[in-house]
Structure formats: C-alpha cells, structure tokens
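**Q** With the hints as constraints, model all of the structure from the sequences given.
Going line by line, the protein sequences match chains A and B.
Under my numbering, the first residue of the first sequence carries the number -18, and numbering increases by one thereafter.
Under my numbering, the first residue of the second sequence carries the number -18, and numbering increases by one thereafter.
Keep in mind the hints are simulated off the structure, nothing from the lab.
The beta carbon of each residue, even a glycine, is placed where N, CA and C say it ideally should be.
A few of these clues could be false.
[Said to hold, decoys possible] Output of the computed footprint for chain A on chain B, the stretches with three or more beta carbons under 8 Å from beta carbons of chain A: (1) 23 to 34; (2) 186 to 193.
[To be verified] Computed footprint of chain A on chain B; a stretch qualifies when at least three of its residues, placed anywhere within it, have a C-beta under 8 Å from a C-beta of chain A: (3) -9 to 2; (4) 57 to 71; (5) 96 to 103; (6) 209 to 217; (7) 221 to 230; (8) 299 to 311.
Residues per chain are reported as follows:
2 protein chains.
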Amino acid sequence: MTFEEARGAFPVLERYAYLNAGSIGPLPRATYDAIAAAERDELEHGRGTWRYVTRMLEARDRLRASLASLVGVEPELLSLTTSTSEGCRIVLAGLGLTAEDEVVTTDAEHFGLTGALHASGARVRVAKVRDLPADQALDAILVEVGPRTKLVGLSHVLWLTGHIVPLEELRQAVAAPLLVDGAQSVGAIPVDAAAFDFYTVSGQKWLCGPAPTGALYVKDPERLAVALPSYFSQTSYEPDGAFEPQSGALRFDPAWIPVGFLDGLQAAIDGAPDWRYDRAREVTDLCRRRLVEAGYDVVTEPGHGTLVSWRWPDETKEAAQALADAGVLIRDLPGTGLLRASCGYWTSEEDVERLVTGLSAL
Amino acid sequence: MTFEEARGAFPVLERYAYLNAGSIGPLPRATYDAIAAAERDELEHGRGTWRYVTRMLEARDRLRASLASLVGVEPELLSLTTSTSEGCRIVLAGLGLTAEDEVVTTDAEHFGLTGALHASGARVRVAKVRDLPADQALDAILVEVGPRTKLVGLSHVLWLTGHIVPLEELRQAVAAPLLVDGAQSVGAIPVDAAAFDFYTVSGQKWLCGPAPTGALYVKDPERLAVALPSYFSQTSYEPDGAFEPQSGALRFDPAWIPVGFLDGLQAAIDGAPDWRYDRAREVTDLCRRRLVEAGYDVVTEPGHGTLVSWRWPDETKEAAQALADAGVLIRDLPGTGLLRASCGYWTSEEDVERLVTGLSAL
Chain A
-18 MTFEEARGAF PVLERYAYLN AGSIGPLPRA TYDAIAAAER DELEHGRGTW
32 RYVTRMLEAR DRLRASLASL VGVEPELLSL TTSTSEGCRI VLAGLGLTAE
82 DEVVTTDAEH FGLTGALHAS GARVRVAKVR DLPADQALDA ILVEVGPRTK
132 LVGLSHVLWL TGHIVPLEEL RQAVAAPLLV DGAQSVGAIP VDAAAFDFYT
182 VSGQKWLCGP APTGALYVKD PERLAVALPS YFSQTSYEPD GAFEPQSGAL
232 RFDPAWIPVG FLDGLQAAID GAPDWRYDRA REVTDLCRRR LVEAGYDVVT
282 EPGHGTLVSW RWPDETKEAA QALADAGVLI RDLPGTGLLR ASCGYWTSEE
332 DVERLVTGLS AL
Chain B
-18 MTFEEARGAF PVLERYAYLN AGSIGPLPRA TYDAIAAAER DELEHGRGTW
32 RYVTRMLEAR DRLRASLASL VGVEPELLSL TTSTSEGCRI VLAGLGLTAE
82 DEVVTTDAEH FGLTGALHAS GARVRVAKVR DLPADQALDA ILVEVGPRTK
132 LVGLSHVLWL TGHIVPLEEL RQAVAAPLLV DGAQSVGAIP VDAAAFDFYT
182 VSGQKWLCGP APTGALYVKD PERLAVALPS YFSQTSYEPD GAFEPQSGAL
232 RFDPAWIPVG FLDGLQAAID GAPDWRYDRA REVTDLCRRR LVEAGYDVVT
282 EPGHGTLVSW RWPDETKEAA QALADAGVLI RDLPGTGLLR ASCGYWTSEE
332 DVERLVTGLS AL
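**A** Written as structure tokens, this is what we have:
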C-alpha cells in the first residue's frame, strides 16, 4: 500500500489538514460502507432474528481477535467496550476500593480516567509530571506510591504533552496493579499490553473506527469483580441475579455494539498499512521540528508519541477555531494554555505546512 | 396518519410477521436515513470539528426533551443512556449498598436489572410473581419488603408474562425508593414516570430507535452519587478527578452517543402516530384472543402490556426457529417453556393470523 493509497481511504483529508485524531480519528470510506451496509440489513431484514444475532456474535469474535492481536494479548483476555473511559470505570468499580486505599495517577490525565479514580472512593495521589522533562516522570510517580497504593492508573501517552510514560520501568518498580489508559497509544505507536494488569483501547481515535468503540485488556479476569454486569457477562443466571460468568474477560463486556460498528472498526483496522508506526513517527518528528523552527514553545520532547503540544500566548480556543476556519483542525487543551496537533500515518508534509502557515497568520 | 402509512415506515414488515419488538423493534426507514446521513457527514467533514460537536450537543438536547416528554418528566431529570441495563447499573452503583442492605425484585425480571442488583452486594429478595395471577403480584412483592429494604427494583411490564405491575399502589405502600425498568413499557403503553424514583427507558425496543440507545429518569439527582462518571458528567474537574457535576440528571450521562443514533431515535419518535397506544392495545387483545381460541395455554391475562406469552410443550427454541423460517419472528424465553409475541401499533391482523397458522403447522 502506497502513502497515497492509504491517505486516499479518508475523504475528510481532501478538505482539511485533519490533525485531531487524538480527539477522534478520520473515518475511512470502508468504515462508512460497513456501517451503511449493516444498517441497511437491519432495515430490511430486521434485528430480532437468529441470523442477525449469529452475525453479531461472529463480528464480536472477529473484532476481539483483531484488537487483541494489535496489542499483543490473548483474545480471551480482551473485553469489547465502547471507550477507554468505560474500561476505566469497569476496572475501578470492580476493585471495590475504600477511603483507606490510595490510587496514584499523574496531573496530565484525561477525566475519563481520573473521574473513575475519584469515584472509586480511594484517596487519589497525583504525581506532578506535566511540567517536568519526560525522563523525570518516573521518579515523580514513584514518590506517590506507598504501602496503601492499590492501583497506579495513568496513560501510556499523556494526552496533554504527548510524552510516553516509561511503563516497563514503572511495572518493575511497583507492586500494585497498573491500569494503563491506551487512548493515545493504540494505533499510534506499537503496544504490547500483556505485561500490564489492565490496558484500555480506544477504537475511535488512532484506529479510526466508529464512535463509541473500544476494548479493555484484563490480565487476570478471575481477580476482578464483575461490578457492572451486562447480558453478555453471563452464561446462566438465577432469579436473584447470581450468575455464571463468561470465560475470561468476556465477562466484562458491558454493552451491545451495533453490527455496523463492529464491522466498521474491523474495516478500519484491516485497512491500515503495515508501515503505520514508522510513518507516524516520521511525520510527528517533522511536525515538531517545523513548529520549533517557526519559533513556537513546543512542550513535547522528540521521540515520544504522535501528539505535539506547544504553548500559545493567547486564548487557545479562539486560535483553534480560527485555524479550523482555515481548514486546519487541531485541539485546544482547555485550562492549559496549550494547542495540540495529532499526526497519523495519513498525515502529509503539506498538512504540516498548512498548520505552520495557519498559525503564522493568526 | 393512517395505519397503512404508519406500517409503511418499516420495510421489514414487507417480509416478515415481525412480532419481536420486546427484544428489539423494527427499524423505520427515516431512522436508517438519519444514520446514513450523519455517518456520511462524519466521513466527509470529520468528527473533530466545532460544528460537529455543536451539532451533537444540540441533538442530545432535542432527544432528551422528546424522551422526557414521552414519559412525563422534566428533561433536566433525564439522563441519556445506551440501554435499560446501563440505567440500572448507574442507579445501583450510585446507591453504595452493602451486604447489610436488602433490595427487592421479582422472579420475572431480565438479567439487565437483576445482574445489577446482585452486583450491588446487597441481599436480593425475590418475590415469586411469575406463576401468580396478576392481581396477587402486589402482595407477593410487599411480603419481601422490610426495614432493611433500600430499593425495590422491578419492571413496569414483566418481560416473561407481559403483566403490568401495579406501581402506583406499590409506591404508596413502600417507603424505599423504586427503580422501575421500563424496557417493555415506554413506547408500548402510556407511561408517567414522574411518580417514581428511577425509571429506565429503552430506545431500541418499542421506540424503534437504533441500538444501543436509552434513558434514565432520576427524580432527585442530588441524592444519587455519580459512581460512573463520564466526560459528560462534569462542568469542570481537578487533577485528582474531583469535579463539579452537570446540572440535574445530565451528570449521569455515561457515554458518547453517535449523532446518527441521536437523530435516528429522534426520527423514530417523531414518526410514531398519536394513536399508537390504542392500536397496540387492540391488536394485542386480538393476538391473545386468537391464541386462546387456537387452544394455546396463554399465561398473559387480558388488558396488560403488549406482550403475549403462552406455554409450549416442546423445545421453545426449535419452535421459534421453525416459525422464523416461515417468516414469523417471535421470542422464545429460555428456561421457562414460554413463547412470546410482541404486538406494536404497526402489527396487522394478518401478522397475527400468520402467527396462529405458523404455530398450527409446527
């Protein structure tokens, strides 16, 4: 697959310099086609049939296997969720923490994770890593870990700075389980989730699938309570709700996922080129370099994820909106003074130049 | 709107006697069109834009108002969920029950409710109503209610028998809050949810919307903890996840709902005729009468919901599959020996005759 072919899969790129996959990815035509075909089938042949349910279950199996392969885990240990936030809620609700417990996170996390940490009732200790050089993050996190720590919950790639957290070192240094939020990693950089206790996946960001879609890896399903059961969680149940759980992490599957979304995410995954990570790395480096050359105060260090953030002296929301009017789509990060560009394997040199030109015109 | 016009909105009815809205409703063409249009917009104009987010938020407001009006409550007190199961999980997780507490339910509930009751950790007391005459259900439920009862959770219309639970009398007799599962009521019979503490709504059954869609009414949002927060739950948040909740029940909104699903459920609601409940009542009575006349052991008493169940002496799954092969779609109710037909305002006399003829050919 050539770069032009890969890029040609996304009609939105014909109109915009789309640099916002960190919020939500561009949609491939094949994904749209899969959704439309499945919805048409529902329209004409109904949703309450054996054939339909069989098709739905087969699509779940297929997608589970693809997502598991993508993050290097057994399909049996992967739950199909609708978002990384939902994955975090499943884990925190299942751990049954109390006010005596502590959980550790960083000050550069999305509310999808920290909201769940807060709601768990445990004391949340926040490591201040956002304004530190990336190589000092590990020490800052370890300082917050203590005998009461029941979970360390943080991102693989921080959504505010784009920095990669040194998870492997963290895992070796900490006895408590690790919940890794993969919102900004899966599909953007190579991921091997098997080493961690919990790992969340977003289908709608770097994998370019329908929203909402996602997954949750659970290393040891027997040790996490099914706090939020769905009809998919059980193989049989009693009138009082007691139930035989599905095998492995399938017991955590929280929801019906539309057939079109299962097929649509599958199509998006199947359509990605095998050079995806190399190209994303390259164009992110280019984007970062061009912003530095243009004189912006870039906070993202070289060689991390595929997000690039830089300080903006004025209202970030106004800047992002003005850029959008010029056809350049990026993200303002509220309350931080930062603007952020997301670079994917589909991003062209011209997209990067449109960003730099657009910024200079503000 | 004539009956023929209303029926003509559902292409699946041209092929099948579709009597399975209790599992999942027929899909109107207008809903398909709304989904396809929204997905095409995502494809061509992207999902990470101000225009798109604004459109999404407006569609949420509009749908929230329509659903609230449908069940007679203030929009401010209605959370947009993805299913009745999710609504039950939000309530049970928020109540913070312990093993000292008791919750009361019936033996004719769906796992979507009882699974959440079980997972709450409270003792679940099960009122045996399934094999009782409908007018003895209230007493059977009240027997289980005691000083430790922290919640009574049950359906408005029981999915196994189609019987309506006398909620108004129950509410007056019980001090504990009432969680009403509206999966088999909203869209099928008139509903006034305002009198109850919690009421769940399914968008994909009798309202004929996309799956998964739904809602949760919360009478007093300040008194239920936000145990499963999402990005929609807050107006601002701290690094440790502490947050200012959204007003009213909006704080319980658990998930992104695709624009096409918001618009699609809206189209389905807007397309329903104002004679929906009268016609559904009439054709359900007809269906019940015809099954009784044909000699079947109908367990559903006259004048209840829009489900009709009857005992089947052989394998129910085989019977339902054989009927499906003959173009008649009903539901077998696993482990009960019951078959179930769902009658909507769109159901014709001919559909009912196809069911009776199909059964006699088994």
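**Q** Decide, hint by hint, whether the structure agrees.
**A** Here's how the hints hold up against the structure:
no., hint, in the structure
1, 23 to 34, "holds (count 9)"
2, 186 to 193, "holds (count 3)"
3, -9 to 2, "holds (count 7)"
4, 57 to 71, "holds (count 5)"
5, 96 to 103, "holds (count 5)"
6, 209 to 217, "holds (count 6)"
7, 221 to 230, "holds (count 4)"
8, 299 to 311, "holds (count 3)"
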